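Let chain A serve as the given structure and place chain B with the ligand on it in line with the hints.
Chain order of the listed sequences is A and B. Position 326 of the first sequence, counted from 1, bears residue number 1251 in the working numbering, the numbering being contiguous throughout. Position 306 of the second sequence, counted from 1, bears residue number 1499 in the working numbering, the numbering being contiguous throughout.
Think of the hints as simulated: they come from the structure by calculation, not from any bench. Owing to the predicted nature of the structure, the values given are computational and were not obtained by experimental measurement. Treat the hints with care, since some could be wrong.
[What the hints assert, rightly or not] Simulated crosslink set (BS3-like; lysine-lysine; CA at most 27 Å straight-line):
{"hint": "1", "chain 1": "B", "residue 1": "Lys1523", "chain 2": "A", "residue 2": "Lys1171"}
{"hint": "2", "chain 1": "A", "residue 1": "Lys1349", "chain 2": "B", "residue 2": "Lys1523"}
{"hint": "3", "chain 1": "B", "residue 1": "Lys1594", "chain 2": "B", "residue 2": "Lys1564"}
{"hint": "4", "chain 1": "B", "residue 1": "Lys1523", "chain 2": "B", "residue 2": "Lys1564"}
{"hint": "5", "chain 1": "A", "residue 1": "Lys1349", "chain 2": "A", "residue 2": "Lys1277"}
{"hint": "6", "chain 1": "A", "residue 1": "Lys1157", "chain 2": "A", "residue 2": "Lys1171"}
{"hint": "7", "chain 1": "A", "residue 1": "Lys1168", "chain 2": "B", "residue 2": "Lys1523"}
{"hint": "8", "chain 1": "B", "residue 1": "Lys1523", "chain 2": "A", "residue 2": "Lys1189"}
{"hint": "9", "chain 1": "A", "residue 1": "Lys1104", "chain 2": "B", "residue 2": "Lys1595"}
{"hint": "10", "chain 1": "A", "residue 1": "Lys1162", "chain 2": "A", "residue 2": "Lys1189"}
{"hint": "11", "chain 1": "B", "residue 1": "Lys1595", "chain 2": "A", "residue 2": "Lys1171"}
{"hint": "12", "chain 1": "B", "residue 1": "Lys1748", "chain 2": "A", "residue 2": "Lys1349"}
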Amino acid sequence: MIHTDMVCPFCGCLCDDIVVETEGNAVVRVDNACTLGTHKLMNASMDRLKGPIMRDGAGWRDATYDEAIEYAAGVLLDADRPLLYGWSSTQGEAQGLGVSMAELLGGVIDSTTSVCHGPSILAIQEVGHPGCTLGQVKNRADLIIYWGCNPTEAHPRHMSRYTTYADGFFLQNSFRERKLIVVDVRKTETASIADEFVQITPGGDYAVFSALRAIVRGRGDVVPPTVAGVTKEQLEKIAEMCKSAKFGAFFFGVGLTMAPGRYKNIRNAIELVDELNRYTKFTLTPLRGHYNVYGSNEVFTWMTGYPYAVDFSRQIAFYNPGETTAVDILARKECDACLIVASDPGAHFPRKCLEHLTSIPTVLIDPARTVTTPLCRCQIPTAVTGIDASGTAYRMDGVPIHVKTFLDLGYPTDTEVIGRIFEKVQEVRHP
Amino acid sequence: MSELLVKNAYVIDPINHIDGEVMDIAVRDGRIVEDVGPKATVIDARGCLTLPGGVDSHTHVCGTKVNFGRYMSPEDMRAGREARRGVKHATSGYSVPTTYANSYRYAVMGYTTLLEGAMAPLEARHTHEEFSATPLQDMMANTLFDGNWGVMNAIRDGDQDRVAEIVGWTLSAVKGFGIKLTNPGGTEAWGFGKNLTCINDEVPNFGVTPIEIIQAMIRACETLRLPHSVHLHCNNLGNPGNYACTLGTFNQIPDLNEKRQTLYATHVQFHSYGGSDWKTFCSKAEPVAYTVNNLPQIVIDMGQVMFGKTTTMTADGPMEFNLYRLHHDKWSNHDVELETGSGIIPVFYRRKNLVNSIMWAIGLELALLVKNPWQCMLTTDNPNGAPFVKYPEIIALLMSKKYRDAEFATVHPDTGSRVVLPALDRELDWNEIAVMTRAGQAKALGITGIGKGHLGLGAEADIAVYPIRVGEVDPAQEYRKVIDAFSRTKYTIKRGRPVTRDGEILVHGENTTIWVDPKMGPGHDISQDTEFVKMFDRYYSVRMSNYPVQDEYLKRSLRMETEAVF
Ligand code: SF4
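So that you can see chain A by itself, here it is in the shape it has in the complex (with noise of 0.2 Å):
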């Protein structure tokens, strides 16, 4: 059978143009997906746990769907501190519950926003944020920039799809008749292609950003003949390809957002944006990681307030990255009790964080044996959104899509798993 316009859950880009062939179960054939997409699509059924499996004292045994999740109510319901963390590979309706749930238990909800785009979100909050939808730029941005982020190889059809080589309505031939500029600490993949790579030393971007306003300020007079390793003469030259394009487009990974002055870097690179919509049009757009961070935020906020790192022990929102981020919390040995969901926190928090994790009762949803498994003591496999799943996600600029299933392999979904633990806290914890 032939899906057409399928929707990726892979990447934040959520190509909605997808075409899988599946015969039975089987997927026998992806197109137009890259080949992370496609990995992703082809493997659909392969690598899943059959079912929940528990802690049996070093080992493992396996477990029924009603057991873990009258298991995973019952840790929460007896956690001071529950910890909800994950929420970026999981469908919005998912990511509702799970909020109503931190809210009732009064725990602390966080999604991977923490470890990636949340420093973004910190300057988006202090000096906003100038965007657009993807296709504003396809068809009408003249000049692009990737600053701190690669992506060829981390969102491979980014550059098809969008940028360089999409053509718009004011661009005919995207090509040759729009400009690239890279800015990285290495070449890339993607500076190769570029009409001009800005190659800065680590750390410098803070100083290379200031350097930019203050030229197209007209101020270049107060920036020295070099900047983090950048020669004054491509600063101006940048400057300038920015100031005369019709409509140019930044993007920027964890590269920038990650890197030393974290928040300020993104703080300075929105108010060049800024300061060239003064001369030109101008927008900035997070790259954003897995395919619906950016609608754990959005979820979070429209029922929260806050996109992110939401802890209600004090029955109210608060909110206060640093403190209320999932790192923080486990780092401080604060929470006594963790639901993950959707996420690999095993492959990327500090050691310091997985060993409290250990500590503490640990519960994985997930459909897959991940790097995170080994922490938890128990494993509730659930459909894949896009897959075996449908809901709704959020691409990096903001636009919802409803992703669409191709299979039907038994298993529930996030949405159905997180409504029976909730229903099950409910019993306990009435409204």
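Coordinates of chain B with the ligand only, in the frame set by chain A:
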């Protein structure tokens, strides 16, 4: 079967010409009926002003830009924080509160139906998701067409049928309610950082003018038999001297519909400015109101500004950037491909600021100078002029000259020479307030037929019971009592079920989303048109098949089907 009897209510129901009658209201299964049995739940409304549930025909409570307003404003969230309690979720926020906070606060003020003023079609799913987290009001979404490429191309080609076909298809696809035009053409110009000054400027690259867009959309609206008229945010918002553009627009609006207005002009306060710059800035509410008085085909809403902190948000992207350059606080912008744009900035309206003081006066002047209350709705363009929680104060200002004078004494001392407010003696009565806050709004939206905005037999039992004895309170003198009463109902009843009592939230409700599905007949299905499909394929960043909002996004859905007549 559920039955409810609201006894001894002092009822004002302008649509049914009831103006202060003490009566019982019987409700069965969510609708108003002749009478109910002895087992009905009884609510004693003795002496209480009882009105149909409030309707807000222009507010911003759900959707991409509202949520981005929250996202960028943790400082706003720290205000309005309330703990979870009973069925009530925790709330945050003052000017852009969370969905729950919006819903609770509106409910406590007696509002049961809300129209989200601006939904970008491409991002409609988001608006509907937030609607499903807005438990206590029925919701509608006006759909943005101000910079729609398909529409502008059809207008340029002189193909009026095509305009209607695109609008009809889009409304059905995104489950929208009516047509919204925000700075028509200007948002497209903003795609390359430009704007238009008024209705005769040409939209760059599209060869059409705003007035052509407005008139073509008005004709399309009538072709599609939409319940609501075109809902227009005029060009040149917020600039000194813009009243001329507003009048120029109003004077070119035909009168095409006997049942309702042909144009709903929104937040007209922001469009009634005289002077040639900020130094000579003054009120032009008089000429604007006189024009409205002479044009029954136009209904306006005030867009009242109230002093204090708020967040402005509009699809008018270039206007927000200009404001940002004045305020220098923070600025967000979000342009939507082939359709529209938007901007957000926080503002603080100050009494000490002359321009802000004049703005405050203009909204009140409009409401007092427009003779017919059915032509002027009470709004703040929430949260642009002020958060909606300020409505009770606005009601009191309109009912009491004494209160207006007292407030006027606190604004910038030069305001007097720039406005006419101190000379206006009119004090609105209860009936007029009822028109401006529910009956008139429901009529303007075209939803009285589905039982909104009135308490007649068969109407939706959306009822607001306010703790104030109309005969015993003189609103002109005791305006504090008016503010208190309108701030908190004794009961708000939604679909026959009490949802709040004395400010307490009683239930976790479920709203109905009201949307319009125009049936266009064979030969008018634009989704089969090769040119339209080609435009979609080439220029949108989502596939056409992934664009429509699935039914599952609407928990309860009320589809208003219309038959287009080409
Ligand atoms: S770019 Fe991202 S969303 Fe698109 S196919 Fe590749 S992994 Fe999937």
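So which hints don't hold here, by number, going up? 2, 4, 5, 9 and 11
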